[in-house]
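Keeping the supplied structure of chain A fixed, place chains B, C and D upon it in accordance with the hints.
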Amino acid sequence: MPATAPMMSVEELAARIPDGAHLALSKDDSGTAIALIHAMIRGGVKNLHVVYVPVGGLMADLLIGAGCIATIECSGVSFGELGLAPRFRDAVQSGAIRIKDATCPAIYAAVQAGERGIPFTPIRGILGSDVLSYRDDWKVVDNPFAAGGGDPIVLVPAINPDITFFHARWGDRYGNVWVGKRRELATLAHAARETLVTVEDLYDGNLMTDETLVAGTISSLYISGVAHVPHGAKPLNLDGCYDIDRKHIRDYIREAQTVEGFAAYLDRTVFGNKVAA
Amino acid sequence: MPATAPMMSVEELAARIPDGAHLALSKDDSGTAIALIHAMIRGGVKNLHVVYVPVGGLMADLLIGAGCIATIECSGVSFGELGLAPRFRDAVQSGAIRIKDATCPAIYAAVQAGERGIPFTPIRGILGSDVLSYRDDWKVVDNPFAAGGGDPIVLVPAINPDITFFHARWGDRYGNVWVGKRRELATLAHAARETLVTVEDLYDGNLMTDETLVAGTISSLYISGVAHVPHGAKPLNLDGCYDIDRKHIRDYIREAQTVEGFAAYLDRTVFGNKVAA
Amino acid sequence: MAFSREEQLICVIARMLEGQRNISVGTNSPIPAAAALLMERLTDGWARPLLLGSSRHYPANDGGVEFHDRAAQGRVDVFFLGGGQIDGEGNINLVGIGAYPKMKVRLPGSFGSAFLYLTVPRVILFREEHSARVLVPKVDFISAAGWSPPGVFRRGGPYALITSMAVFFYDKDRHRFRLDYVHAGNSVDDVRANTGFDFDLASPVRETPPPEPDRLALIRGEIAAELAHLYPKFAAEKLGYTAAAANV
Amino acid sequence: MAFSREEQLICVIARMLEGQRNISVGTNSPIPAAAALLMERLTDGWARPLLLGSSRHYPANDGGVEFHDRAAQGRVDVFFLGGGQIDGEGNINLVGIGAYPKMKVRLPGSFGSAFLYLTVPRVILFREEHSARVLVPKVDFISAAGWSPPGVFRRGGPYALITSMAVFFYDKDRHRFRLDYVHAGNSVDDVRANTGFDFDLASPVRETPPPEPDRLALIRGEIAAELAHLYPKFAAEKLGYTAAAANV
Numbered sequence: 000m001p002a003t004a005p006m007m008s009v010e011e012l013a014a015r016i017p018d019g020a021h022l023a024l025s026k027d028d029s030g031t032a033i034a035l036i037h038a039m040i041r042g043g044v045k046n047l048h049v050v051y052v053p054v055g056g057l058m059a060d061l062l063i064g065a066g067c068i069a070t071i072e073c074s075g076v077s078f079g080e081l082g083l084a085p086r087f088r089d090a091v092q093s094g095a096i097r098i099k100d101a102t103c104p105a106i107y108a109a110v111q112a113g114e115r116g117i118p119f120t121p122i123r124g125i126l127g128s129d130v131l132s133y134r135d136d137w138k139v140v141d142n143p144f145a146a147g148g149g150d151p152i153v154l155v156p157a158i159n160p161d162i163t164f165f166h167a168r169w170g171d172r173y174g175n176v177w178v179g180k181r182r183e184l185a186t187l188a189h190a191a192r193e194t195l196v197t198v199e200d201l202y203d204g205n206l207m208t209d210e211t212l213v214a215g216t217i218s219s220l221y222i223s224g225v226a227h228v229p230h231g232a233k234p235l236n237l238d239g240c241y242d243i244d245r246k247h248i249r250d251y252i253r254e255a256q257t258v259e260g261f262a263a264y265l266d267r268t269v270f271g272n273k274v275a276a
Numbered sequence: 000m001p002a003t004a005p006m007m008s009v010e011e012l013a014a015r016i017p018d019g020a021h022l023a024l025s026k027d028d029s030g031t032a033i034a035l036i037h038a039m040i041r042g043g044v045k046n047l048h049v050v051y052v053p054v055g056g057l058m059a060d061l062l063i064g065a066g067c068i069a070t071i072e073c074s075g076v077s078f079g080e081l082g083l084a085p086r087f088r089d090a091v092q093s094g095a096i097r098i099k100d101a102t103c104p105a106i107y108a109a110v111q112a113g114e115r116g117i118p119f120t121p122i123r124g125i126l127g128s129d130v131l132s133y134r135d136d137w138k139v140v141d142n143p144f145a146a147g148g149g150d151p152i153v154l155v156p157a158i159n160p161d162i163t164f165f166h167a168r169w170g171d172r173y174g175n176v177w178v179g180k181r182r183e184l185a186t187l188a189h190a191a192r193e194t195l196v197t198v199e200d201l202y203d204g205n206l207m208t209d210e211t212l213v214a215g216t217i218s219s220l221y222i223s224g225v226a227h228v229p230h231g232a233k234p235l236n237l238d239g240c241y242d243i244d245r246k247h248i249r250d251y252i253r254e255a256q257t258v259e260g261f262a263a264y265l266d267r268t269v270f271g272n273k274v275a276a
Numbered sequence: 000m001a002f003s004r005e006e007q008l009i010c011v012i013a014r015m016l017e018g019q020r021n022i023s024v025g026t027n028s029p030i031p032a033a034a035a036l037l038m039e040r041l042t043d044g045w046a047r048p049l050l051l052g053s054s055r056h057y058p059a060n061d062g063g064v065e066f067h068d069r070a071a072q073g074r075v076d077v078f079f080l081g082g083g084q085i086d087g088e089g090n091i092n093l094v095g096i097g098a099y100p101k102m103k104v105r106l107p108g109s110f111g112s113a114f115l116y117l118t119v120p121r122v123i124l125f126r127e128e129h130s131a132r133v134l135v136p137k138v139d140f141i142s143a144a145g146w147s148p149p150g151v152f153r154r155g156g157p158y159a160l161i162t163s164m165a166v167f168f169y170d171k172d173r174h175r176f177r178l179d180y181v182h183a184g185n186s187v188d189d190v191r192a193n194t195g196f197d198f199d200l201a202s203p204v205r206e207t208p209p210p211e212p213d214r215l216a217l218i219r220g221e222i223a224a225e226l227a228h229l230y231p232k233f234a235a236e237k238l239g240y241t242a243a244a245a246n247v
Numbered sequence: 000m001a002f003s004r005e006e007q008l009i010c011v012i013a014r015m016l017e018g019q020r021n022i023s024v025g026t027n028s029p030i031p032a033a034a035a036l037l038m039e040r041l042t043d044g045w046a047r048p049l050l051l052g053s054s055r056h057y058p059a060n061d062g063g064v065e066f067h068d069r070a071a072q073g074r075v076d077v078f079f080l081g082g083g084q085i086d087g088e089g090n091i092n093l094v095g096i097g098a099y100p101k102m103k104v105r106l107p108g109s110f111g112s113a114f115l116y117l118t119v120p121r122v123i124l125f126r127e128e129h130s131a132r133v134l135v136p137k138v139d140f141i142s143a144a145g146w147s148p149p150g151v152f153r154r155g156g157p158y159a160l161i162t163s164m165a166v167f168f169y170d171k172d173r174h175r176f177r178l179d180y181v182h183a184g185n186s187v188d189d190v191r192a193n194t195g196f197d198f199d200l201a202s203p204v205r206e207t208p209p210p211e212p213d214r215l216a217l218i219r220g221e222i223a224a225e226l227a228h229l230y231p232k233f234a235a236e237k238l239g240y241t242a243a244a245a246n247v
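Chains as they are written, first to last, in numbering that gives the first Met the number 0: chain A, 0 to 276; chain B, 0 to 276; chain C, 0 to 247; chain D, 0 to 247.
Just so you know, the hints here were simulated from the structure itself, not pulled from any lab data. All values reported here derive from a predicted model rather than from experimental measurement. Yeah, the Cβ is synthetic: ideal placement off N, Cα and C, and Gly gets one too. Please note that a few of the clues may not be correct.
[Said to hold, decoys possible] Keeping only pairs whose Cα atoms sit at most 20 Å apart, straight-line, the calculated DMTMM-like set for lysine to aspartate or glutamate is: (1) 246(B) <-> 236(D); (2) 246(A) <-> 11(A); (3) 101(C) <-> 89(A); (4) 138(A) <-> 141(B); (5) 103(D) <-> 139(D); (6) 99(B) <-> 139(D); (7) 103(D) <-> 89(B); (8) 232(C) <-> 89(A).
[As the list claims (entries may be wrong)] Covered by chain B, per the in silico footprint, the following chain D stretches (three or more residues, Cβ under 8 Å): (9) 23–36; (10) 98–105; (11) 110–116; (12) 139–151.
[Claimed, not checked] Just a sample of chain A residues kept apart from chain C, beta carbon distances all over 12 Å, derived: (13) 5; (14) 14; (15) 17; (16) 18; (17) 69; (18) 122; (19) 138; (20) 201; (21) 203; (22) 222; (23) 223; (24) 245; (25) 254; (26) 265; (27) 267; (28) 271.
So here's chain A without its partners, still in its complex pose (with noise of 0.2 Å):
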């Protein structure tokens, strides 16, 4: 039978998260881990390099505005229809981080790369593109397998962060969690050395042997530190759960246009509560 695991507050896993650790963060979709963001944010972790899967959304943003982040490796930073991420762009623009551009399949590619044990790993297209001419790390050579010769193809270098983590639906008392449909969350917990999750609700149960919710869950051999939060994708969504605060965003996006409105939002927001509202 299989250990439980103990739970752990949400600060106790951002304690868990050095200066300078390399994190591999998926994109800000269903169970995005804010309320671990806030912690982090409130124990002024610095010096972060963070790969965004493939991309940022206000989990960078907030990252960057509050001096979390020294260099951000991603293919796109922004939120979508409700705007762009006004301290990402600053930072870029400033040269206050150092950003690494990449294209989404390339990072996934890495990361899955991370997840087989492999040094590195092809990819097609790319070529041509200014994303792997500033690329030093990436490198073409010609397909072995080509039938005449040629065929120039990308090779990425595989990332294997020390630390991922996210907000999943459920997990239960033996340390698994459920992320259902959200395979990449897998992958990434495979490929980086730590997993730390929040959980929506605890399942009375075991995730693993449940016939229909094992293919979404990813096995306690993976998961360093589990804590309980209620609400902790907020006001982002939780798939099942609660819709993305739209009107959270929009007003974010307008008072993070300023460095003293980023300081507003974050001492309302952050600081403020223990919990984002």
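This is chains B, C and D only, laid out in the frame that chain A set:
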């Protein structure tokens, strides 16, 4: 709204597999399409090139014994604790089929490369093995990312079969099928040009929009034919429905030691009844 | 029948989707999404829209990974790209204006463009703003290259460029755009005055046909309602969809 | 307390699993599986058996892919391999006897061995039959190589070889086996007479200690019951488990 997909018979599915087709099939785990294998044998398909991902069992031994396979690529064929595979053994010893020996993770990696649309993938290990010596379609290169040069690594070409098939727990009217945690079936469906599925039961709803089932569902986008075949995996198992019939397999292994015994088994089990008992 | 610019553009795009089956649309693209949903409706579901970011119109369950894998497999027939800058060779720039990396204006980033431009056979460039600021002689940063030298694996690339003023088709052999349609109210000279790159002219350059009335009705009805799940603001403000959700 | 050969071997293996956390066992390996389950029980779940083919003892949900990925990630500490032939350098042969490919005796195949032998730090070779037929000077086909030249990525490899007669440890620097233990009732000369390859001798070569009584009791009780889910025949015939399922 998604369009509904027409159901086929198992004989119609079998008819979609032409002589000489390149197949890749999952191992004999939960959800092996034995009824479809029987239909293929009745249809007399010939000269198949079959990759077992990564190993074969009853499915392989039946197709080999019935003379359907010209080339087999796999990491092993056996019945595990129950015994060796007699028709496979005899066919390789006599040279009746060509075998391309592989090792499990190389086959998985090659199918994943097929899924990702890349021409090859690196893989660790294997160096020093005669599996590599005899595979002139595999290559060894120095890892281009190794700091000091050197670091030889094996590259295997992608596998993109013409067809894959399997037996799934549920199919819905939109052509989606649920395979639960058998993720490698989704990988196969993505890598293959066509995917044929027999399903145990019909699911009344849309598997792609069910919050918990979607994680184990393969979208109809990848499926070219579905047949409703209750007990379609028997005498093998289907998790949650029926267990493997160990006595049947033991009797099979005993009977199939000789060509005559195998012929008698086929007469009784494949040709005598439309669906395996 | 009167129509808005958005409705016009939806219909222009829809005509380029005839006969195309697997139509994928990125995030933050309500007009292409509306055109894809329109084609699904007109073909009784034969055409399959795959709207990134939608839970209703995303018949895939492995997030962005599966979408990019599909493109790599050759299973995506059409995709849409835009650009902060687009140049006369079809190169697009989604990264920023000025010298990289500390750019004068930083945009979100290249997203999947560097990959999808080479793996998807038909890429439709869509950018409403038609100005010499956007349509430049040479982009400041090539997010994705409009063409590739011989020997580079490439399934397709730019097919057409649609703006609020005109429709250009792309000549893959010459790596140049050709002006084919000018939307009502604009002239070839207007287009030339607002385009920073040199382009060819179709003979003749024609006026863009107005929306087909039956399609317009669908757009304002069923399509707007469907679109509102993903783009509530757009559906409400641009297509007059009134039953929008409270959380807009 | 009297004990069977199988019980002896389970306890021999278990001693090699002390301090090892992620213990994986391939299919068709009831004795190593029993040892892994025993260690899980003795460490209150700290040691984690991952039994391929088991639905109860497989805390992973992506089939063989995930298992091999785990090994590649360095997350598998111990694995077991056998061999139709095993030679004095630790090479193993799971493919067949004779000249490849039309071999005189074809065996099932290499499975994951070619990969796992290099990616898993501690690989325990387990083969009950101790004969010059199995333990050969040079295997006919190298399914997986016992050692690699410098510069080849290799986390580990052969750790020990356990047979029904003896226990050898593997010297990674010299690529040779060293005889450390002989099971009760056998002598060093017996081992030499039945081993086709040359090997070193520990000083002294000792007799294998018998099963610890408390462990033996566990094996016959809880472990046999647990093992019966995956190996009903073995549990019934070798460990005397009587409540076995009907479908044996």
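Now the hints, each set against the structure:
1. 246(B) <-> 236(D): holds, 16 Å
2. 246(A) <-> 11(A): Roughly 31 Å separates the two Cα atoms, so the pair is violated.
3. 101(C) <-> 89(A): Roughly 10 Å between the alpha carbons, so the hint for residue 101(C) and residue 89(A) holds.
4. 138(A) <-> 141(B): Roughly 14 Å separates the two Cα atoms, so the pair holds.
5. 103(D) <-> 139(D): holds, 11 Å
6. 99(B) <-> 139(D): Distance of about 17 Å is within 20 Å: holds.
7. 103(D) <-> 89(B): Holds, because 10 Å separates the two Cα atoms, which is no more than 20 Å.
8. 232(C) <-> 89(A): violated, 27 Å
9. 23–36: holds (count 3)
10. 98–105: holds (count 7)
11. 110–116: It holds: at least three residues are needed, and the segment 110–116 of chain D offers 7 whose Cβ sits within less than 8 Å of chain B.
12. 139–151: holds (count 9)
13. 5: holds, 30 Å
14. 14: Holds, because the least Cβ-Cβ distance between residue 14(A) and chain C comes to about 30 Å, which exceeds 12 Å.
15. 17: Non-interface label on residue 17(A) holds, nearest chain C Cβ at 27 Å vs cutoff 12 Å.
16. 18: Holds: least Cβ distance 24 Å, greater than 12 Å.
17. 69: Answer for residue 69(A): holds, closest chain C Cβ roughly 14 Å.
18. 122: violated, 7 Å
19. 138: The claim holds: residue 138(A) sits with its nearest Cβ about 15 Å from chain C, beyond 12 Å.
20. 201: holds, 25 Å
21. 203: holds, 26 Å
22. 222: Residue 222(A) is indeed farther than 12 Å from all Cβ atoms of chain C, at 20 Å.
23. 223: holds, 23 Å
24. 245: Violated, because the least Cβ-Cβ distance between residue 245(A) and chain C comes to about 6 Å, which does not exceed 12 Å.
25. 254: At about 19 Å from chain C, residue 254(A) clears the 12 Å cut-off, so the statement holds.
26. 265: Answer for residue 265(A): holds, closest chain C Cβ roughly 22 Å.
27. 267: Holds: least Cβ distance 21 Å, greater than 12 Å.
28. 271: holds, 24 Å
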